[in-house]
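A.B. asks: The primary structure of each chain is shown beneath.
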Amino acid sequence: MASLNLLEAINDALGVAMAGDDRVLLMGEDVGRNGGVFRASNGLLDRFGADRVIDTPLAEAGIMGTAIGLATYGLRPIAEIQFLGFSYQAFAQLLLQASRMRWRSAGRFTCPLVVRAPFGIGVKAPESHSDALEAHFVHTPGLKVVAPATPYDAKGLLLAAIEDPDPVVYLEPLRGYRLGRAQVPDGSYTVPLGKATVVRQGTQVTVIAWSAMVGTSLAAADILEADGVSVEVLDLRTLSPLDVDAIVGSVQKTGRAVVVHEAARTAGLGAEIIAIINDHALLWLEAPVARVTGYDVPIPQPMLEDAYIPTPERIVRAVRATLSF
Amino acid sequence: MASLNLLEAINDALGVAMAGDDRVLLMGEDVGRNGGVFRASNGLLDRFGADRVIDTPLAEAGIMGTAIGLATYGLRPIAEIQFLGFSYQAFAQLLLQASRMRWRSAGRFTCPLVVRAPFGIGVKAPESHSDALEAHFVHTPGLKVVAPATPYDAKGLLLAAIEDPDPVVYLEPLRGYRLGRAQVPDGSYTVPLGKATVVRQGTQVTVIAWSAMVGTSLAAADILEADGVSVEVLDLRTLSPLDVDAIVGSVQKTGRAVVVHEAARTAGLGAEIIAIINDHALLWLEAPVARVTGYDVPIPQPMLEDAYIPTPERIVRAVRATLSF
Amino acid sequence: MTTLLESKLPVRVLDVDGTPAVNVEIDEPPELLLDMYRWMVFGRTFDNRLMSLQRQGRLSTYAPVAGQEAIQVGCGLALNDDDWALGTYRDGLACIVHGMPAEQLPLYFRGHPLACRMPPGVNVLPEQICIAEQIPQAVGIAWGMRLRGAKSAVVAMFGEGATSEGAFHEAANFAGVFNTPVVFLCQNNGWAISTPRSRQTASESIAIKAAAYGIAGIQVDGNDVIASYRAMHHALERARSGEGPTLVEALTYRLGPHTTSDDPTRYRPNEELAAWRDTRDPVGRLRAYLERAGLWDDARQASLEEDVNNRVAQTVRTAIDEPEPPPEVMFDYTYAVLPPALEAQRREVQEDGRRKAGKLHG
Amino acid sequence: MTTLLESKLPVRVLDVDGTPAVNVEIDEPPELLLDMYRWMVFGRTFDNRLMSLQRQGRLSTYAPVAGQEAIQVGCGLALNDDDWALGTYRDGLACIVHGMPAEQLPLYFRGHPLACRMPPGVNVLPEQICIAEQIPQAVGIAWGMRLRGAKSAVVAMFGEGATSEGAFHEAANFAGVFNTPVVFLCQNNGWAISTPRSRQTASESIAIKAAAYGIAGIQVDGNDVIASYRAMHHALERARSGEGPTLVEALTYRLGPHTTSDDPTRYRPNEELAAWRDTRDPVGRLRAYLERAGLWDDARQASLEEDVNNRVAQTVRTAIDEPEPPPEVMFDYTYAVLPPALEAQRREVQEDGRRKAGKLHG
Ligand SMILES: Cc1ncc(C[n+]2csc(CCOP(=O)(O)OP(=O)(O)O)c2C)c(N)n1
Ligand SMILES: Cc1ncc(C[n+]2csc(CCOP(=O)(O)OP(=O)(O)O)c2C)c(N)n1
Ligand SMILES: [Mg+2]
Ligand SMILES: [Mg+2]
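Protein chains in written order, with numbering that gives the first Met the number 0: chain A, 0 to 324; chain B, 0 to 324; chain C, 0 to 361; chain D, 0 to 361.
Treat the hints with caution; some may be incorrect.
[Said to hold, decoys possible] Distance condition first, Cα-Cα at most 30 Å in a straight line; then the derived DSSO-like pairs of lysine-lysine:
#1 B:K252 x B:K194
#2 A:K194 x D:K358
#3 A:K252 x A:K194
#4 D:K150 x A:K123
#5 B:K123 x C:K358
#6 B:K123 x C:K150
None of these hints come from the bench; they were simulated from the model.
Extracted from the complex, chain A is given alone in its bound form (with noise of 0.2 Å):
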């Protein structure tokens, strides 16, 4: 056990998963030499070179197509996208190459890739550095999308991803990469892929969140039982596949649920969750589902990052409304 915060959770899985097996290489921009720009991956080449932590040049397509040739060819890339903004330049890739390898070739050849990308609000970067874009990549068949809230999860998620045989994108908090430490266990372990979990048991409403969002969730969920109101708060930990039964199953005990995310609210995943609610809970349901989502327009120039992103008063105040509807 070592109190990790969930960066270096990132970094020890990386370490964990190269020593364990000497297909898994890690390739993208600065994660050599310089150990990534936040330092996800310090320390790696000095312990495992620079043919399996791979300075690649500037290009997010060539990275991604390139990982897929590796993948198909029987390693295990891993493929860092610096900011998750930037993975439009790989989408023709990842959502119609990596996605498709083995549908393509009916199971002939595989894609065992991994895709990390921190995203998010949270360090005032400059634009395009913040965008959430969950629901291109949940919207994508053939694709697992992973997005852990804690260290222990960050680790045993990630390690989770390395050994799944198809490719998962692993999306990073980056608010909460320095945001708290956490016993994380030495060594091997993995959180199963499409489990979500209540991180917060409660009775009169399901907050559903994942990512960043579980620890604003969780502040809201605090205020909130100052008030009496009984909160549930449920960290969906993977995108796709979603865990239907977990959404359906709390929504059904507590009848009332918001739902959290940084990204845009029109077609984002909220809406697929409200849809999920609509198929298996209609008739539980006390009030419409609440969405607590950035707004409809880019997420913006760092000045106006918190009037953008959901606050714990923003999901408080869904929740009542909620509550009184």
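Starting from the known structure of chain A, fit chains B, C and D with the ligands onto it as the hints suggest.
C.D. replies: What follows is chains B, C and D with the ligands alone, placed relative to chain A:
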């Protein structure tokens, strides 16, 4: 008035727009001498010359990026992407650049660009030719998205899109290109962006569709009518911004809804429509909103297209299930 | 063979009339030359047959190879079994020569979902529809070989139109930086659908683009099968021995339409087509040489044609007879293990299929 | 000035010690040379000030220009008013020389949403964060000029790292095919964050990449402001007169970190930095020449420094004093006319802002 199919209506609209405004130009792969692979731009090169009907190199990001520059400089480019499945290569330019030109420059620069592309199943084309990617665009602030179903709307919406001061993604139904003829006025007229239309009045259930799926929905409504079921069919026409009033108004009237689209179900645009109904018409719902959509697999090879695409029969079954909920 | 910097002339072994080019020795073993010829005749015959099959409605579309047989056969023959090949809709012939069962090609154009399942040991990726996307993948596979110490190589095949895509550029740049054992085979057939080479890029040649990546670039007469074979053999050997990537520009011509949906008379000058068809045909060129070298005659031709016709007929029959799979197969290779939500969708499609087949009511 | 094919040497007017290079005449008018100098001193001073402003927490981040003043000033001075400039986070100095109000730069790095609103007549696009994405846009603007018959040109500025992106490639290829009046100015400063030039591309130079597009390519000493000006002037004139695009590779060096978030000691050899800083500084080089030419002395230097310090102080004050706009401004430039759903969201943000400001309860 002329009797035109949808493809001819597009060709007519292009000619009208180019004749009326010499800033309008058309660019893309094979749009010139060849008149477009579907002949949407047939005859335009001869009429307007190679400076305005431009065969480009084979590079979608290049097309999109240069079109943005042309638009910002004051021209009115219409950029054709040969098939929507090949637009991923241009996502970085379209979703992060075109959509934000006005916003980044705080209004100083704008991007009056129209992006045209055919999409959807219809011509038994090889993979990637039929992909339905509308949800990606709708999730992107700063873009407008249009998807006409009829020759009349195709012309009127295209002319409205060209006049619009912001970037508009104009999606053409591949299977609807030559499906039938309708009276289309000569010369210029517009159909307003942002307005849905009720293409069939009904009382018991609302079927919500766009593009090629409108025809499929109408066919389902015919079958159901023979059975005494009264179906309202709403053609959204514009997918961003969505016509919330039209959706909500119809569902409040009928109390039941089925959304139909070709794209994969999960996190598709159907989910957003359910979310809108959840927000504004939950108490009117007599049954969960049903989704009749593509499955969560890549749009398959030609041999399996018919098993993938929503059919009147699948819609009929969904309506019946909704009615007997 | 010559790198671009040494000579700007296309490399040619046989002149268009089948006589050896000046200063060139032909020292390939006769059996290899005969193989080249047989494969080209197979390619031409198969292509004709698939064109008419499409016209009869048995294929949903088809992209003919006619005119490009020499470079594709030369490429296929230069590949070793443990080399990998990645190509497009038009590169079926090269893939067949490399070991892909021929019936997979018509099966693909029938729209069959299992058409691209290569047999074990055949290292051919599914044909790529999205222009240029296979190129970085090829570099990745080659990189994998280097990292694993394999002594094999990868060929990425594409048209001159593909060189305009960013994917080509990023891939070639990675190949240069990481020195991966890859050969970029650009079949410059003059046209990208209706776009002529002159409007595709203003560069002097395609081969010269290699300079942008610090890799070797060579031009070869892609209608000269011996020269094509030599160019590919040379480039692949360089790759296998760690000397680095090569961009091979094969000058050739597509004699048919882009695909069966295309009408080339809308954009292509008739005289241009006629010149290529009548004076630069790759098949006739080698035959003329073989005949002059005493390796070929009418009797052998007749027997070859019979063989090839039989093989083509048999192959087409296999492809056409292959039954349609049940529709739920669309789910079967999305993931190693189907997620629960997809299980439910799969059942829906299965029931729908049985309903349509009259095996289920409702 | 020389095209790549004529010479592979970087073009230099002043040697590193400020003496004219062999065989070179300096015939620029003194006022132009003094302008170059003043702008470089302004650039260096402003940069230092913004670095410390960021360290004090007044800017959320900053990307320093130090070391690259010569090419940026040379570029800015070579542009005409009706030329357009598109650059990155590091190209603020060139944009200011071209007419962008200097306070917009710190305002941008404060994260102010209105920082990139150029005044009318200033043709500078918002600084581009996404590497290489401005390059095709620049080609499009240039193409628009050609189509409208304007006699102006466009410069696209980017680093050597950007040349690895597909967007660079597609843009340069379009420029070659459509002969647009654009200059591609690549500031090769040796590093893309931690990636050295040698690992970015295996090509011999950046300039040689021009051959892949059939456009002109030249290399220039980007720490030599006179040579930089000449190169840009030449390339822009070529563009304006319809002779075609040019790729200018300016050899320079980033003296500071990539941005204030970066720690270059992790990856960059100290000796390399020292060599560039101590012997190839662009500002000192021109000053040495001017002094020797009798155009400069300590008194003028003192008075310039006073002027520049005042101007920098004033500019920074303007930028820091600029009030934060109300949060709902995030909606104001999404569309020409706000759609109804966004109206409602805007009201929500407005209320939230007033609530936070204590003006509204609940
Ligand atoms: C990314 C992408 N854009 C556009 C297309 C449509 N398309 C198919 S083939 C083709 C032309 C290809 O030309 P070239 O690369 O020269 O190959 P050729 O067909 O001549 O063999 C185009 C534009 C596509 N398949 N993929
Ligand atoms: C598309 C994209 N990918 C990655 C980044 C992250 N990033 C910012 S600057 C930079 C290096 C740029 O190097 P270069 O082009 O040489 O310009 P320089 O910073 O040296 O001026 C990187 C990788 C980005 N901003 N955009
Ligand atoms: Mg071609
Ligand atoms: Mg650099």
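A.B. asks: Next step is simple, just say for each hint if it's right about the structure.
C.D. replies: Checked hints:
| no. | hint | in the structure |
| --- | --- | --- |
| 1 | B:K252 x B:K194 | holds (18 Å) |
| 2 | A:K194 x D:K358 | violated (43 Å) |
| 3 | A:K252 x A:K194 | holds (18 Å) |
| 4 | D:K150 x A:K123 | violated (41 Å) |
| 5 | B:K123 x C:K358 | holds (26 Å) |
| 6 | B:K123 x C:K150 | violated (41 Å) |
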